[in-house]
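Engineer: Using the hints provided, position chain B relative to the given structure of chain A.
Letter by letter, the chains look like this.
Number of protein chains: 2
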Amino acid sequence: HSLDVKGRCICADKGVNKVSRKAIEKVEIILPSPSCKRLEIVVTMRGAGQKCLNPGSRFTKKYILTCLKNWRLN
Amino acid sequence: HSLDVKGRCICADKGVNKVSRKAIEKVEIILPSPSCKRLEIVVTMRGAGQKCLNPGSRFTKKYILTCLKNWRLN
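Chains as they are written, first to last, in the numbering used here: chain A, 22 to 95; chain B, 22 to 95.
You may find that some hints are simply not true.
As the list claims (entries may be wrong) - Below, simulated EDC-like cross-link-like pairs (lysine to aspartate or glutamate); rule was C-alpha separation at most 20 Å, straight line:
#, chain 1, residue 1, chain 2, residue 2
1, B, K58, A, E49
2, A, K82, B, E46
3, A, K58, B, E49
4, A, K90, A, D34
5, A, K83, A, E46
Source of the hints: derived by calculation from the structure; they are not laboratory data.
For reference, chain A alone in the conformation it holds in the complex:
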């Protein structure tokens, strides 16, 4: 699940289904764009560089939506 910029997408494949929350340093959600038709989620892990997170996995949807819900409420 390396970060290998294929065409203009950042993630070469759909990415990992789950990561350890405690090790997450930063989460970037990149919306579909002219240069990459897929929504991509790139997670920076403490001491382990960047990984692609599968936007379709249960973990991702639950984790990301919780974060965004908090954002929408304030």
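Structural biologist: Chain B in isolation, oriented as in the chain A frame:
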């Protein structure tokens, strides 16, 4: 509304309230993290580099939530 990495946040202020949708090339949502307590939205504009978009503005919430709803449905 320049991109001036203050401490570890990317956006120096809350950013612009609105941008022209047609000129948006890429949207990155950066979730709050240990290094930056704020949710940040960085928009790459065609031919105009990057701008910070105010996460609290009506435009942002409407635009981003529409994109994310499409993601959640598939």
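Engineer: Work down the list of hints and note, for each, if the structure agrees.
Structural biologist: Hint-by-hint comparison with the structure:
no. : hint             : in the structure
1   : K58/B with E49/A : holds, 14 Å
2   : K82/A with E46/B : violated, 24 Å
3   : K58/A with E49/B : holds, 14 Å
4   : K90/A with D34/A : violated, 27 Å
5   : K83/A with E46/A : holds, 18 Å
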